[in-house]
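Chains as they are written, first to last, in this note's numbering: chain X, 1 to 452; chain A, 453 to 757.
Note that these hints are calculated values from the structure, not bench results.
One or more hints might be untrue.
[To be verified] Chain A regions said to be covered by chain X (calculated; three or more residues, Cβ under 8 Å): (1) 528 to 538; (2) 564 to 573; (3) 576 to 590; (4) 634 to 646.
Every residue, glycine too, gets a C-beta built ideally from N, C-alpha and C.
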Amino acid sequence: MIRNLTNRIILIVLILALALWVDLSDEINVLNPLSNEALFSRNVEPRLGLDLQGGLQVLLEADIPADQQVAGDAMEIARDIVQQRTDALGVNENVIQIAGDRRIVGEFPGLEDTESVLATIQQTGLMEFVDTGNVAPEEGTFLVTDYSPSGEPAPAPEDGSTVYHTIMTGAELDSVTVVPDQLGVNYVINFVLKSEGARIFADHTGANVGEFLTITLDKQVISSPVIQDKIDGGEGSISGSFTAESANAFAVQLRYGSLPVPLKIVETRIIGPTLGADSLSKSLRAGLIGMAIVALFMILYYRLPGIVAVLSILIYAAIAFAVFKWFHFTLTLPGIAGFLLSTGAALDANILIFERLKEELRNGKNLTQAVDQGWTRAWSSIRDSNLSAIITSLILFWFGSTFGATIVKGFSLTLALGVGISLFTAIYVTRTLLALFLKGFKPNNYDLWFGI
Amino acid sequence: MIDILSKRYLYFLLSFIIIVPGLVFLAVDGLPLSIDFTGGSLFEIAFETGQTLDTETINAIYEDAGIDDAQVTTTDTGSVLIRSSFLTNEVRDQILTGMKTAVGGEVTVISFDSVGPTIGAQVASRAALAVGVAALGVVFYITLAFRKVQNAFRYGVCAVIAMAHDVAVVFSIAGIGARFFEWQMDALFLTALLTVIGFSVQDKVVVFDRIRENATSLRRLEYETLVNHSIVQTLQRSINTQLMTVEFLLLSLALFGGVTLQEFAVILLVGLLSGTYSSIFVAAPILVLWEKREWSTWFGRGANA
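Excised from the complex, chain X in its bound form (with noise of 0.2 Å):
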């Protein structure tokens, strides 16, 4: 038997009136009692798929004069990075494609993050001015830098390697060039700040003459120029060793990021769902059909016990559901159709249970033992299956994500979470449940109670 079962029956009650607030709600506010001031905000609507709701169309193209070519792949390449980029947003079943030859169609779900999809696109590398003191690193090796972009700063690193200090960065610049410089051999970017950088860059040059500034892309040193002079005015240079190439993509990274192509932000507009409405309702009706049916055979089949199992599966569904609106999932047709396959399989394991008890009843057990034995003996196998399942969709995931194959990940994720939280339910909640019933209700007749 369980002890402290009335522990038990309050964790769960919790954490079902956790889960089903996060379902009812569209967003989660908690307040602080004292102030009245939210102490916790977090948005919760659910967010669907383009199939079910459209959502956001973005229309990208190269900005490079209309009669140059692009280079070979450089397209397909930048596809890839905006793919990575939007998908960092979140679990979100963006659809980016290459239109044409020097366009790429972008589609976001869901309207509220209009603002964060058009500037995730847009998102330059990270270009840093840090004060590196008397050394001189050498091109192309990585710094360790004070400057993170929550405002916090940075953790030291293990390793004790130094720590520099970050004057300003990239967002400061207002325009970048690239000019030959006087001797005509090599080329140099010519920069201007805006006013706030201007003044930052006056007072450490100032204040800094003869020591070295360097700048880094992505904390990788690009050049380590030596400051001469104060300088006023909020324009500078850049020169390194840098050909017309060189000191064009360079350019090109600073305003664009770190695309192979310039890409410009043609047009954005607002797309309407690929599906109808009926298609919607029909699979809806259909997901309900299926439940009902098996629900009601859970209940024929395994009686008391699959009167549990129901009422289990509904707080997994509620669970579940809270989880993926807060983690903003994107709910496709599809994904909800999955949805619907994963709470069939969280009765699995209830199912191995009950066929346990009831062999356990059959060689004679009483009810106590038998449901004892039904959990005990039944969970290698509940163990190891889920194990098994669970390694396979972590290893999809990292795949997924290391690869970007969005599609993969996505998937795997979901996979991933539906199986731990049925192995909560059918462990934990089922359990307690049956323990619930039973401690009320002693029935004799196990023909009739548990269909043995």
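Since chain X is already given, all that's left is putting chain A on it; use the hints.
Chain A alone, transformed into the frame defined by chain X:
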């Protein structure tokens, strides 16, 4: 007790009959890749103010022109975007004429572009590589989990062989569907395939677990009897989990769900059924024939003489 294992070569034959035709169709006809993998045409049109065509009508016009994979999207500017497999200029003009007739007014072409795949070729090959690595992970885990029984390694290998069987069944069904019902392999096919793989291993382990348990308690039994015993003991669970829960859901989706899901539901239905079938009729029999080293009798006695 039912004797399942003695007819094992019959099951192998059955699997063979299911798998081979579809794979032959795939080999002959080529993979029926959808525009998700191959790219196609993106056609944007606009109607005169106040006029519009609904998705069904546009789909019908495309089908009349011999294109049955059109995906229609509307935009907030009132134009209509249609993705489909590649359109030749003649087909495009035929579609335009069809639209003009249907709407009874002018139709403006805003753009007509060829578009690349939404799932690049490298994504598909990486997915295949990921599945391969996952299979190795499974062999490793099962070998570890079964280390207390003899030849633990075999259980992992048999699980993966049966998983390959399930993958072959899914491809075969896709091949048969492509031949007779014009099915295509799209992003959903990839999802269905991964789902089958995920649940396939899970199912094998349940049967193997019973063998592991019986191997200690019923030590004196012959291996074949022991495995047979274990299958029969888990049979009720296999039937209930598979048929009663998963297949009911999928069947209802395939029968009553929208067109979008039907193909997906049928492929999953067959694939997951194969997952359960192969635990009993592929993975377990291979364990037995491995134990008995039956391959030495496959080519007659001539080899030994």
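So, going through the hints one by one against the coordinates:
Only residues whose beta carbon comes within less than 8 Å of a beta carbon in chain X count, and the segment 528 to 538 of chain A has 3; three or more means the coverage holds. Three residues within the 8 Å Cβ limit are the bar, and the segment 564 to 573 of chain A against chain X gives 8, so the coverage statement holds. Figure legend: the segment 576 to 590 of chain A, annotated as covered by chain X; annotation consistent (9 residues with Cβ-Cβ distances under 8 Å, at least 3 required). Only residues whose C-beta sits within less than 8 Å of a C-beta in chain X count toward coverage, and the segment 634 to 646 of chain A has 5 of them, enough to reach three; the restraint holds.
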